[in-house]
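Visitor: What follows is each chain in one-letter form.
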Amino acid sequence: MNVLWLVLLSISIVFAICTGNLESFTKSIFEGAKSAVEISLFLLGIVSVWMGITRILEDSGLIYRIAHLFRPVISRLYGNIPGDHPSITAITLNVLANLFGLGNAATPLGIKAMQELDSLNEEKGTVTYEMMILIVLNTASIQLIPFSVIGILAGYGARNPAAIALPVLVATAISAIAALLILFTFRKILK
Amino acid sequence: MIQYINYISLLIIPLFILFAILYGTFAKIRVYDSFVEGAKEGPGIILKIFPYLLTIFVAIKGFQSSGAFEFIRNGFYSVFALLDIPIEVFSMAIIKPLSGSASTALFTDIVKTTGPDSIATTMTAVIMGSAETTFYVLAVYLGAVSIRKTRYLVPVCLLADFVGIVVAITVVRWVF
Chain A
3 MNVLWLVLLS ISIVFAICTG NLESFTKSIF EGAKSAVEIS LFLLGIVSVW MGITRILEDS
63 GLIYRIAHLF RPVISRLYGN IPGDHPSITA ITLNVLANLF GLGNAATPLG IKAMQELDSL
123 NEEKGTVTYE MMILIVLNTA SIQLIPFSVI GILAGYGARN PAAIALPVLV ATAISAIAAL
183 LILFTFRKIL K
Chain B
9 MIQYINYISL LIIPLFILFA ILYGTFAKIR VYDSFVEGAK EGPGIILKIF PYLLTIFVAI
69 KGFQSSGAFE FIRNGFYSVF ALLDIPIEVF SMAIIKPLSG SASTALFTDI VKTTGPDSIA
129 TTMTAVIMGS AETTFYVLAV YLGAVSIRKT RYLVPVCLLA DFVGIVVAIT VVRWVF
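One line per chain: the protein sequences are A and B, in this order.
Under this note's numbering, the very last position in the first sequence is 193; numbers go up by exactly one each time.
Under this note's numbering, the very last position in the second sequence is 184; numbers go up by exactly one each time.
Read the hints as simulated data drawn from the structure, not as lab findings.
Backbone N, C-alpha and C fix where the C-beta goes; we use that ideal spot for every residue, glycine too.
Be careful, since some hints might not be right.
[Claimed, not checked] Listed below are the simulated EDC-like cross-link pairs for lysine to aspartate or glutamate, each with C-alpha atoms no more than 16 Å apart in a straight line:
no.	chain 1	residue 1	chain 2	residue 2
1	B	Lys157	A	Glu125
2	B	Lys157	A	Asp120
3	B	Lys48	A	Asp61
4	B	Lys36	A	Asp61
5	B	Lys36	A	Glu60
6	B	Lys56	A	Asp120
7	B	Lys157	A	Glu124
8	B	Lys48	A	Glu60
[As the list claims (entries may be wrong)] One-sided and incomplete, this derived list gives chain A residues near chain B with beta-carbon spacing under 7 Å:
no.	residue
9	Leu24
10	Ser26
11	Leu59
12	Ile137
Working from the sequences, and respecting the hints, build out all of it.
Guide: Okay, structure coming up:
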């Protein structure tokens, strides 16, 4: 992240100087700060709601039941999670929210999953392999139907807006599998 | 079929909440108090995420306004013309991992300028549907548990994004 941030910001500043976009560059830095505040406030609401709901699951013991139910599926991919651990439930709910395109649920549940996975982390501050699987799957977008895209296409009078659904599904499936394969390859090489 | 799945996705959260509170009540817990206790964690989590989000957003917004993006785009113009891929696809491939709202704005713009049934629209629509805002996910997920050492995660995500774009272009070529 350090390298990425450094490169992105220094390229931007050099270009802003060369192209004479200095004023808008400086303005946009503070716009970036503003949108970070706005998105954080939005996240504060939805994350708190989902923390409330998942606390009900924890206090009632439902979280362990769901974990038990989905353990066979999840632990096939995530090797090092002990049986019926709450992280299995958070990961399952995150996957389901992603599949159904429930963005407002997917991010808070992903955060919850990160917290649960961090409770298994022996080296705090360093990302674990299980966390990487979770993040890679979340950056690959595993949505079944892209409702918002179909909505925009329909709004501008596309002949058959829903025709996009099948290619998206195929592309999503292939790129999610490819993302996992890339992760596995890096793990093998950099062990 | 699509309306059917749309209905299920509208139904899933309300049904899940109903199930959770009924199950909790049968398990003899006070669901109201549990919810409040859980919600108390929210502000703490956001306080942890906020600096990460701010740091990445400053760089992304700065990049968008610096003119660097247009310069790189013009550099790739001939490459994309040679491969017979609309240049809009390149813009989307760069913007999508950086910003969700900017990619939606860009997509709407592409639909408007090239028409709702053009090949540029179809390709960018598939990228919109099959890619995520990688940098946002990284900032939020890593920030939530204060991860500093990311090992090989960032190169994996960037490589996966690149493969995802190539797959999207190939699939559209193959289907349409």
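Visitor: Which of the stated hints cannot be reconciled with the structure, identified by number in ascending sequence?
Guide: 9
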